[in-house]
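> Listed here are the chains, written in short residue letters.
Protein chains: 2
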Amino acid sequence: MDDSPQEFCHQQTSGWSFAATEPKTARDRIMTAASHLFCNHGFAATGIDTILSRAGTAKATLYHHFKSKEELIAAVLEAEGTTWRGWFFGRLAETQGPARTRMLAVFDVLEEWFADPGFYGCPFINAVAEFDTGNDAVRKAAEKHKEHILTWLKAQAIELKVPDVTETARSFAVLLDGAIVAAQHTRDPSFARTARNMAECHLDAVLGA
Amino acid sequence: MDDSPQEFCHQQTSGWSFAATEPKTARDRIMTAASHLFCNHGFAATGIDTILSRAGTAKATLYHHFKSKEELIAAVLEAEGTTWRGWFFGRLAETQGPARTRMLAVFDVLEEWFADPGFYGCPFINAVAEFDTGNDAVRKAAEKHKEHILTWLKAQAIELKVPDVTETARSFAVLLDGAIVAAQHTRDPSFARTARNMAECHLDAVLGA
DNA sequence: ACAGAACAAGACAGACCTGTCTTTTTTTTT
DNA sequence: AAAAAAAAAGACAGGTCTGTCTTGTTCTGT
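Note that the protein sequences, when read in sequence, are chains Z and L.
Using my numbering, the letters of the first sequence map in sequence onto residues 326 to 534.
Using my numbering, the letters of the second sequence map in sequence onto residues 326 to 534.
A couple of the hints might just be wrong.
Label pairs and their calculated CB-CB ranges [said to hold, decoys possible]:
no.: 1; chain 1: L; residue 1: 373; chain 2: Z; residue 2: 472; range: 34 to 40 Å
no.: 2; chain 1: Z; residue 1: 374; chain 2: L; residue 2: 407; range: 35 to 41 Å
no.: 3; chain 1: L; residue 1: 393; chain 2: Z; residue 2: 424; range: 49 to 55 Å
no.: 4; chain 1: Z; residue 1: 472; chain 2: L; residue 2: 457; range: 26 to 32 Å
no.: 5; chain 1: L; residue 1: 418; chain 2: Z; residue 2: 395; range: 43 to 49 Å
no.: 6; chain 1: L; residue 1: 389; chain 2: Z; residue 2: 351; range: 47 to 53 Å
no.: 7; chain 1: L; residue 1: 411; chain 2: Z; residue 2: 410; range: 38 to 44 Å
no.: 8; chain 1: L; residue 1: 411; chain 2: Z; residue 2: 433; range: 35 to 41 Å
Worth flagging that the hints you see were computed from the coordinates, not collected in a lab.
Every residue gets a Cβ at the ideal spot worked out from N, C-alpha and C, and that includes glycine.
Build out the structure end to end from the sequences listed, making use of the hints.
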């Protein structure tokens, strides 16, 4: 993995990563640097000094904008989630066709994400996995992120007139998480297609194809 | 979560956790203490001194048995994997009935695991999530663990005479990972049943029910 | 009983960590 | 242009981390 800042290394991602965002202010530089390092090396493993060095900012600047490392982590997670969902739902909005097509397109977009050389898994899954079992702050942030996704899925499921909207959304969520983890572990993007096949299978079953 | 050693707190798990194993030697005490702390608080977040304090051993003893923290982590992961698979496959072996029943029982056993108050997710998923993107040692350990599971799944799939054994095993693996992550995030064990329904759906589809 | 291994207890070194503070320079706002 | 905010640079404190080493005790196998 490349650790040079994107000013010098134009590794263009498709836009799912906040870390690849163009930073304007010093605060932005801190956020994108922290995002890159947290997501690639882990939260605990990344020290403040490493972030500062990458961002090219002074320590006082960081502690002027964030009162602690914990607050920086929370801000980075929030930004990563927002950027990712913007990209993800944007791609899905481009998809033409009925609700069923749009729902299944989820896994095509997923595969595109997996195939990116900079893919490091889902920051929320990684954060929940790393932090304490009792760390509710991080778990709640992850829950909020997934709630956004579930809301989208439910909207499509309603349009599709599936009998149990919640269960269909939950099923898709399991496939999402499973594909992400499998792809992260094996670096094989085709798990998205495996998940897609099961999603199709599920829709056929509940809609009585 | 309870941090008192199991000598004083008889929180009986079903046997999936190596950390709940009865330690005989000082080495055992170090391993079970480390396992509990690593899995509940994270690998980087757990210091050597914390492990020693919980194990009630001296520092020299730890470094006599393990040449570094990294080696201890590797040993703990290996032990966790072995114990978990022993429990998991043991439960499945108790299942009576045809291969299809046995395959679907995977998700019943999973739900039992999720429902345990001490459930902390899959140590391998958590380790891969926490460590560096480029940490191949941990990723390979996780791969080995999953290979064992895939082998079992493939054996059942062969007995079931599914058309594509590998794809069915991969599908189950995605459902496994997805259910684990969903249950870990929400603390809702019923995601095992959501996964089970999709597994049934997949088998029906490939076997032409 | 005796020799050697295993273990307890803890001091210690050197590195790294988070967070504070000071001083100087740059940028922005009024 | 003057005042105020933001940022750079880095010293510093206090804590924690891993890993080494010493000394003495307990256990174990022969």
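> Determine for every hint whether it applies to the structure shown.
Hints, verified against the model:
{"no.": "1", "hint": "L:373 with Z:472: 34 to 40 Å", "result": "holds, 39 Å"}
{"no.": "2", "hint": "Z:374 with L:407: 35 to 41 Å", "result": "holds, 39 Å"}
{"no.": "3", "hint": "L:393 with Z:424: 49 to 55 Å", "result": "holds, 54 Å"}
{"no.": "4", "hint": "Z:472 with L:457: 26 to 32 Å", "result": "holds, 30 Å"}
{"no.": "5", "hint": "L:418 with Z:395: 43 to 49 Å", "result": "holds, 45 Å"}
{"no.": "6", "hint": "L:389 with Z:351: 47 to 53 Å", "result": "holds, 49 Å"}
{"no.": "7", "hint": "L:411 with Z:410: 38 to 44 Å", "result": "holds, 41 Å"}
{"no.": "8", "hint": "L:411 with Z:433: 35 to 41 Å", "result": "holds, 39 Å"}
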